[in-house]
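A.B. asks: One line per chain: the protein sequences are Y and C, in this order.
Position one of the first sequence corresponds to residue 0 (numbering that gives the first Met the number 0), numbered consecutively onward.
Position one of the second sequence corresponds to residue 0 (numbering that gives the first Met the number 0), numbered consecutively onward.
Simulated from the structure, these hints should not be mistaken for laboratory data.
Where a beta carbon is used, it is the ideal one built from N, C-alpha and C, also for glycine.
Treat the hints loosely; a few may be bogus.
Said to hold, decoys possible - Between beta-carbon pairs, the in silico distance windows are:
id, chain 1, residue 1, chain 2, residue 2, range
1, Y, Ser54, C, Gly260, 33 to 41 Å
2, C, Ile209, Y, Ser49, 46 to 54 Å
3, C, Trp137, Y, His239, 38 to 46 Å
4, C, Ile286, Y, Arg188, 47 to 55 Å
5, C, Leu82, Y, Leu118, 20 to 28 Å
6, Y, Glu166, C, Leu82, 38 to 46 Å
7, Y, Val82, C, Ala140, 42 to 50 Å
8, Y, Val82, C, Glu194, 53 to 61 Å
9, C, Gly244, Y, Lys169, 54 to 62 Å
Claimed, not checked - Result set (DSSO-like, lysine-lysine): computed pairs, CA atoms no more than 30 Å apart in a straight line:
id, chain 1, residue 1, chain 2, residue 2
10, Y, Lys270, Y, Lys195
11, C, Lys200, Y, Lys7
12, Y, Lys46, C, Lys156
13, Y, Lys169, C, Lys7
14, C, Lys56, Y, Lys133
15, Y, Lys66, Y, Lys225
16, Y, Lys106, Y, Lys5
17, C, Lys45, Y, Lys133
18, Y, Lys169, Y, Lys106
19, Y, Lys169, C, Lys5
20, C, Lys200, C, Lys289
21, Y, Lys270, C, Lys291
22, C, Lys200, C, Lys291
23, C, Lys99, Y, Lys270
24, Y, Lys266, C, Lys99
25, C, Lys99, Y, Lys7
26, Y, Lys169, Y, Lys266
27, Y, Lys5, C, Lys200
28, Y, Lys106, C, Lys7
29, Y, Lys225, Y, Lys133
30, Y, Lys195, C, Lys7
31, Y, Lys68, Y, Lys133
32, Y, Lys106, C, Lys291
33, Y, Lys68, Y, Lys225
34, C, Lys56, C, Lys67
35, Y, Lys169, Y, Lys195
36, Y, Lys7, Y, Lys106
37, C, Lys56, C, Lys45
38, C, Lys99, C, Lys7
39, Y, Lys133, Y, Lys169
40, Y, Lys66, Y, Lys46
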Amino acid sequence: MNNMFKVKRNFLDIITYAILIAVALTCIFPVFWMLSSSLKTNEEIFKHMSLCPESWQWSNYAEAFIKAKFGMYFLNSLIYTVVGVGAIVIITSMAAYAFARLEFWGKNILFCLLISTLLIPIPGAFVPLYLLLKSLHLLDTRTGLLLCYISGGIAFGLFLLKSFFEELPKEIEEAALIDGCSRFGIYWRIALPLAKPAVATLVIIQCLNIWNEFLLALVVLQDTSKMPIQRGLMVFQGTHMTDYPLLMAGLTIATVPIVVIYLLLQKHIIKGITAGAVKG
Amino acid sequence: MLSSRKEKTFNLLFILPALVLFLVFNLYPLLRTIELSFFQWNGIDKDMVFVGFAQYKDIIFNNPAFWKSMLNAAYVTILCLTLQNGLALLLAILVNRQIKGENIFRVIFFLPPVLSGIVVGLIWKFIYDGSFGILNTWLAALGFEQFRDFAWLSEVKSALSSVAVVHMWKGFGYGFIILLAGLQTIPNELYEAAEVDGANKWQQFINVTIPSMLPVFTMVSVLTVLGAMQIFDLIYSMTQGGPAGHTDVPITKIYQYMNNGEFGYSTAMAVVFGLLLLIVSLIQFYISRKIKN
Numbered sequence: 000m001n002n003m004f005k006v007k008r009n010f011l012d013i014i015t016y017a018i019l020i021a022v023a024l025t026c027i028f029p030v031f032w033m034l035s036s037s038l039k040t041n042e043e044i045f046k047h048m049s050l051c052p053e054s055w056q057w058s059n060y061a062e063a064f065i066k067a068k069f070g071m072y073f074l075n076s077l078i079y080t081v082v083g084v085g086a087i088v089i090i091t092s093m094a095a096y097a098f099a100r101l102e103f104w105g106k107n108i109l110f111c112l113l114i115s116t117l118l119i120p121i122p123g124a125f126v127p128l129y130l131l132l133k134s135l136h137l138l139d140t141r142t143g144l145l146l147c148y149i150s151g152g153i154a155f156g157l158f159l160l161k162s163f164f165e166e167l168p169k170e171i172e173e174a175a176l177i178d179g180c181s182r183f184g185i186y187w188r189i190a191l192p193l194a195k196p197a198v199a200t201l202v203i204i205q206c207l208n209i210w211n212e213f214l215l216a217l218v219v220l221q222d223t224s225k226m227p228i229q230r231g232l233m234v235f236q237g238t239h240m241t242d243y244p245l246l247m248a249g250l251t252i253a254t255v256p257i258v259v260i261y262l263l264l265q266k267h268i269i270k271g272i273t274a275g276a277v278k279g
Numbered sequence: 000m001l002s003s004r005k006e007k008t009f010n011l012l013f014i015l016p017a018l019v020l021f022l023v024f025n026l027y028p029l030l031r032t033i034e035l036s037f038f039q040w041n042g043i044d045k046d047m048v049f050v051g052f053a054q055y056k057d058i059i060f061n062n063p064a065f066w067k068s069m070l071n072a073a074y075v076t077i078l079c080l081t082l083q084n085g086l087a088l089l090l091a092i093l094v095n096r097q098i099k100g101e102n103i104f105r106v107i108f109f110l111p112p113v114l115s116g117i118v119v120g121l122i123w124k125f126i127y128d129g130s131f132g133i134l135n136t137w138l139a140a141l142g143f144e145q146f147r148d149f150a151w152l153s154e155v156k157s158a159l160s161s162v163a164v165v166h167m168w169k170g171f172g173y174g175f176i177i178l179l180a181g182l183q184t185i186p187n188e189l190y191e192a193a194e195v196d197g198a199n200k201w202q203q204f205i206n207v208t209i210p211s212m213l214p215v216f217t218m219v220s221v222l223t224v225l226g227a228m229q230i231f232d233l234i235y236s237m238t239q240g241g242p243a244g245h246t247d248v249p250i251t252k253i254y255q256y257m258n259n260g261e262f263g264y265s266t267a268m269a270v271v272f273g274l275l276l277l278i279v280s281l282i283q284f285y286i287s288r289k290i291k292n
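Looking at chain Y on its own, in the form it has when it is part of the complex:
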């Protein structure tokens, strides 16, 4: 009887692993194929379909970075991500601290208003944003795109950080207040450093969002020299339809930073995703 149970358990284990491994391979293969193709010659892409490159063409990357301008696009994406995420962290942590700790008029209504975009889908917001940036003379500028990105991150940041600030013990802050520390000083020197875990989650989620964003970059920018890498990939693909090794090298360049951050900090990402999803 006990033996039967063991056999059944083993059988279930084998099926479990078979399914999980099959799905895992399906997840990895397209990424592997991108890497492998980025190191092939064009001839190899068209003629034979070997899994790994016959001779590793590292020069594809030099060409992608310089001739195909992926270096420039990469740098642009880096600027948008660093500046955008930095601004989101400062602006939302300040506001979230105030909502968690300070008193002011209309606090509850303002909070509900500010996080309402988390719950209400606004598709097609890019149309009025385009018109707004046009009238502010910010169309086709880095500032214009950045302002869209920063305002897009406020609701989630507020939602995530406010509850974290509320759970921090009040005693340290009260002591500091008695010692004559200003409100801003308490936020900046005490509360914000204590909120590091939540800030880390926010930083990573927003890095993914801004680095991977495409639609606003498509609507706002015309000038290739300002384009982030997602947009640059489409520009390259539009003009060099069949230069697959260079395109795959470009895709790899666009993917490596994200995957590295993901692998290093996956716990924070998964925490942020589940926090965002079970908010309801």
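Put chain C on the given structure of chain Y with help from the hints.
C.D. replies: What follows is chain C alone, placed relative to chain Y:
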């Protein structure tokens, strides 16, 4: 800590930057969308022509291409709700069986959702390519000679399904993570109590797992619907709506009208689409509450 009037005013400074950005870049565009939807305007002329509900009427009654794009997105959505979420639930249950390497599978399954829509779309476009995509090479090697030059993304009968497969490939890991987190919050005592009552594994699943997971199911299905209905990056990078509008979705339609300078019409379309999304989300919450009671 009670605050004085002066302090209360000063405290507002903390939320000022967030508030200003919200008012200018979130609230104003929303109100502007609603306003513009009642006007015919090309974005350049000084004068906007007030047309009332005429554009709404035209979209709802005279624009089959818009409804075709809704149907396309709905087709992707239904595939996601059934196949993608079914797979996500199956994987979450399997990983939750306390197997070895739980974390490795978790990391791998969440890799596709981390990648950008453009990157995923362009990789798969290459895989799907009719003449030198690896999919057809493999299919031909397996004996399906008829697929040797089959262009998955430019054939009317396969384009939308091919894009839907990629959307599901990119998205199932997201549902998987949320469902797994949900499964892990179900207290073990519930299963033990059911076992004492003589419930087998299947009965435990029906009577413990499903009811406890109801709120998580609702959340996952709402997020799935919102994600699939608003699909854009994958369409833009793989088919651009082609062949002949067969993979057009609402967001690509709104974008096309805007690009043609029909700002009023495109915002009216955005309002119609936004309201439909809101209604569908509310219905999902409503059904979930009904089942619960």
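A.B. asks: Each hint: holds or not?
C.D. replies: Hints and how they fare:
1. Y/Ser54 - C/Gly260: 33 to 41 Å: At roughly 51 Å between Cβ atoms, C/Gly260 and Y/Ser54 fall outside 33 to 41 Å, so the hint is violated.
2. C/Ile209 - Y/Ser49: 46 to 54 Å: For C/Ile209 and Y/Ser49 the Cβ distance comes to about 47 Å; the hint holds.
3. C/Trp137 - Y/His239: 38 to 46 Å: Given about 26 Å between the Cβ atoms, the range is violated.
4. C/Ile286 - Y/Arg188: 47 to 55 Å: 49 Å, holds
5. C/Leu82 - Y/Leu118: 20 to 28 Å: Since C/Leu82 and Y/Leu118 have Cβ atoms about 27 Å apart, the given range 20 to 28 Å holds.
6. Y/Glu166 - C/Leu82: 38 to 46 Å: 39 Å, holds
7. Y/Val82 - C/Ala140: 42 to 50 Å: Roughly 49 Å apart at Cβ, these two residues keep to the hinted range, so it holds.
8. Y/Val82 - C/Glu194: 53 to 61 Å: 56 Å, holds
9. C/Gly244 - Y/Lys169: 54 to 62 Å: Holds: the Cβ-Cβ distance is about 59 Å, inside 54 to 62 Å.
10. Y/Lys270 - Y/Lys195: 14 Å, holds
11. C/Lys200 - Y/Lys7: 13 Å, holds
12. Y/Lys46 - C/Lys156: Between Y/Lys46 and C/Lys156 the Cα gap is close to 28 Å, so the pair holds against 30 Å.
13. Y/Lys169 - C/Lys7: 19 Å, holds
14. C/Lys56 - Y/Lys133: 29 Å, holds
15. Y/Lys66 - Y/Lys225: 16 Å, holds
16. Y/Lys106 - Y/Lys5: Given that 30 Å is the threshold and the Cα spacing comes to 60 Å, the pair is violated.
17. C/Lys45 - Y/Lys133: 14 Å, holds
18. Y/Lys169 - Y/Lys106: 19 Å, holds
19. Y/Lys169 - C/Lys5: 22 Å, holds
20. C/Lys200 - C/Lys289: Holds. C/Lys200 to C/Lys289 sits at ~26 Å (cutoff 30 Å).
21. Y/Lys270 - C/Lys291: 27 Å, holds
22. C/Lys200 - C/Lys291: Satisfied, since the Cα-Cα distance of roughly 22 Å is no more than 30 Å.
23. C/Lys99 - Y/Lys270: 21 Å, holds
24. Y/Lys266 - C/Lys99: 18 Å, holds
25. C/Lys99 - Y/Lys7: Holds, at roughly 18 Å.
26. Y/Lys169 - Y/Lys266: 27 Å, holds
27. Y/Lys5 - C/Lys200: Holds - the C-alpha atoms of C/Lys200 and Y/Lys5 are around 16 Å apart, at most 30 Å.
28. Y/Lys106 - C/Lys7: 10 Å, holds
29. Y/Lys225 - Y/Lys133: 17 Å, holds
30. Y/Lys195 - C/Lys7: 27 Å, holds
31. Y/Lys68 - Y/Lys133: Satisfied, since the Cα-Cα distance of roughly 27 Å is no more than 30 Å.
32. Y/Lys106 - C/Lys291: Violated: Y/Lys106 and C/Lys291 sit about 33 Å apart, past 30 Å.
33. Y/Lys68 - Y/Lys225: 11 Å, holds
34. C/Lys56 - C/Lys67: 16 Å, holds
35. Y/Lys169 - Y/Lys195: 17 Å, holds
36. Y/Lys7 - Y/Lys106: 59 Å, violated
37. C/Lys56 - C/Lys45: 25 Å, holds
38. C/Lys99 - C/Lys7: 55 Å, violated
39. Y/Lys133 - Y/Lys169: This hinted pair is violated, its Cα atoms lying about 46 Å apart.
40. Y/Lys66 - Y/Lys46: 25 Å, holds
Of the numbered hints stated above, those contradicted by the structure are hints 1, 3, 16, 32, 36, 38, 39, listed in ascending order.
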